[in-house]
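Chain by chain, the residues run as shown.
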Amino acid sequence: MFGDYSIGDLGSIFVMQGFAGLILFSVYVLMALGLAIIFGQMGVINMAHGEFMILGAYVTWMTSSFFQSYLPSLFSGYFFLAMILAFFASGALGMLVEWVLIRHLYKRPLDTLLATWGLSLMLQQAYRSIFGAREVGVELPQWMLGSLHVTDSIEVPINGVFVMGLTVLITIAVAYIMYKSRWGRQVRAVVQNRIMAGAVGINTAKVDRYTFALGCGIAGVAGSAFTMIGSTGPTSGQLYIVDTFLVVVFGGAASLLGTIASAFSISQTQSTLEFFTSGSMAKVMTLLAVVGILMLRPQGLFALKVRK
Amino acid sequence: MSDETNKGLQSAFRRKLLMGMAAIPAMTMLPRASFAQTPATSAINTTGLAVTDTEVTVGILHSATGTMAISETGSIEAEKLAIEQINAMGGVLGRKIKVIQEDGASDWPTFAEKAKKLLVNDKVAAIMGCWTSASRKAVLPVVEQYNGMLYYPTFYEGLEQSKNVIYTGQEATQQILAGLNWIAKEKGAKSFFFVGSDYIWPRTSNKIARKHVENVLKGKVVGEEYYALGSTQFNSVINKIKLTKPDVIFTDVVGGSNVAFYKQLKAAGVDLSKQALLTISVTEDEIDGIGGENIAGAYACMKYFQSLDNPNNKTFVPAFKKMWGEKTVIGDVTQAAYLGPWLWKLTVEKAGSFDVDKIAAASPGVEFKGAPEGYVRIHENHHLWSKTRVGRAKLDGQFELIYETADLVEPDPFPKGYQ
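Top to bottom, those sequences are chains A and B. Under this note's numbering, residues 16 to 323 are what the first sequence spells out, in order. Under this note's numbering, residues 886 to 1304 are what the second sequence spells out, in order.
Next up, chain A with everything else stripped away, as it sits in the complex (with noise of 0.2 Å):
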């Protein structure tokens, strides 16, 4: 296929390739975050995951319709605003979810897989009802349309590079909470051992109810930053919600490291088959790929030692 090219059409090609490689694991990661959370921390199963993130994608919309009517001036920075109010209209809702359902469930992890998928169903009637059956548009400010211009045949997505930088910024607070922070080392003791962190003082309630609102506040910055990409209706959150468990499973459930690494390796073979072959088969072969590691590796890539 690459005899009628020249080189550096080829070169071109494949540092495009390469960019959209990694904008897919950026996006990959930043759905996967809030779920390796509360699914790796706390070993609950959030169908409703998806339907966090379009929460977080319809504040996004709220806040650019507030901005476009009352503020047309500030509309350009509004984006910013948006995420942070993304992040609390998710985590609130998180927040409350834990209180009213999942903190009834986690002597029974599978049957959380029910509950947040009925949950899921609810919130999107829900999404319906208040916001209407047809997708919104989220208008998005000028600077961020477009592409950046590298050479004639090389250019760069902006809203792509806005992805990867969020991503990066996600990841390393989420790695600095979890692994710095005081109340990081909260979470990880009741990971390990619940009954023993309770014994030594750790509120265990509590820890439960900000990580579960901290992974579901990650997933609705996650819906805001989509909208750039992607479609904002009540059943948006559907399309993401297999390849984001996908990755969090193919990683090892309660290792964030891993999910990083699971999300680069499916990402890269997703690509880059998708560019020798074609969509639908580079889905078949990376999924088989997964189905035949987890089969050699069922914890994942990389595994936490819990005691269990």
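Keep in mind that the hints were calculated from the coordinates and are not lab data. Beta carbons: idealized from backbone N, C-alpha and C, even for Gly. Among the hints, erroneous ones may be present.
[To be verified] Label pairs and their computed distance ranges (CB to CB): (1) A:M300 x B:N1195: 29 to 37 Å; (2) A:S80 x B:P924: 28 to 36 Å; (3) A:M296 x B:A1291: 19 to 27 Å; (4) B:K1199 x A:L128: 49 to 57 Å; (5) B:E1211 x A:I187: 42 to 50 Å; (6) B:N1195 x A:L302: 48 to 56 Å; (7) B:K1212 x A:Q314: 20 to 28 Å.
With chain A's structure known, arrange chain B on it following the hints.
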């Protein structure tokens, strides 16, 4: 005081009496007039449908919940508008249309079940409904078994024809071929890159498009790619498009993927004012989600655009907005859904009966001159003769009409040489 009350009562009585007397001539005239318009129920309904002396029941069967609600909401709105207008004009054969609406909930077995309920329990005279091909395929055996009449609004892949279905949208060859001819002639296009969602409609449509490009236009298809429904990552295929530099990108991506595809295309620096793109899956409805700035410049090929400049459309669009809100947009399928109740009314009047067999037989040749898209006529194969148009997306989310076929295009659900 009691006198006054008495007087008041008396005068009220007198007023009523006078009014009653005034109404007598009108009353004597009424029955004669209505006898002429409304034939006896027993004569026009021999199969036990839900038809009374004053009412006829019709079912609406779309997804008001679930994934497909995004698309089907517009169809529900259009059908309700048409029915309201028909009722305001006196109904069908003197009977007002009563609607029973069922929710298919984006689930195909549910569609079949609800269709059965409408036909067996409610005895509806016709069903306006379905949207995806999958839902139609699920409902088809039901309407055939219980002899119902389905008016189906979506443009679809063809390869189907039933006595019990009227297809008010375009089938694939009707929609695609004229658009390809136009772009080949107008842009001198020789090479095409196909991108679609991975299910029956895009695959069948692209198969037809490929045959046409290769055999008739003598062009070349330089790429054909499918992405799973709901895919949100298109950067790789966009790179392939950049590498192969096709004259035309031909797309039938649907649903949430659509939004992702156009946003990423724009972000990758593909300028649709220079790179020709022809889509058969983006209507005004989809642009609402995609955003006009992401798709401006693209060409769409279908039979209706909200911006069409003709007298019918100029009354249709304000009526639709008055009923459903100033911000609603009207896409191709919404307009096709609007045709359903009207075509049914005209056919019933032509047949002089609500009986499904008589309607099925009377359908070919039924003309609707008030269609927002312009004149349409039902073909022997129960599809519509209609014009095909090419529009160009503008920043405000509307299409500007660029080209329309001179004549109505014949529907050909089983195209020879394209299978």
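Structure-based check of each hint:
1. A:M300 x B:N1195: 29 to 37 Å: violated, 51 Å
2. A:S80 x B:P924: 28 to 36 Å: violated, 54 Å
3. A:M296 x B:A1291: 19 to 27 Å: With a Cβ separation near 42 Å, A:M296 and B:A1291 fall outside 19 to 27 Å, so the hint is violated.
4. B:K1199 x A:L128: 49 to 57 Å: holds, 54 Å
5. B:E1211 x A:I187: 42 to 50 Å: holds, 46 Å
6. B:N1195 x A:L302: 48 to 56 Å: Hint holds: Cβ distance 50 Å, inside 48 to 56 Å.
7. B:K1212 x A:Q314: 20 to 28 Å: Violated, at about 51 Å.
Of the hints listed earlier, those the structure fails to meet are numbers 1, 2, 3, 7, in rising order.
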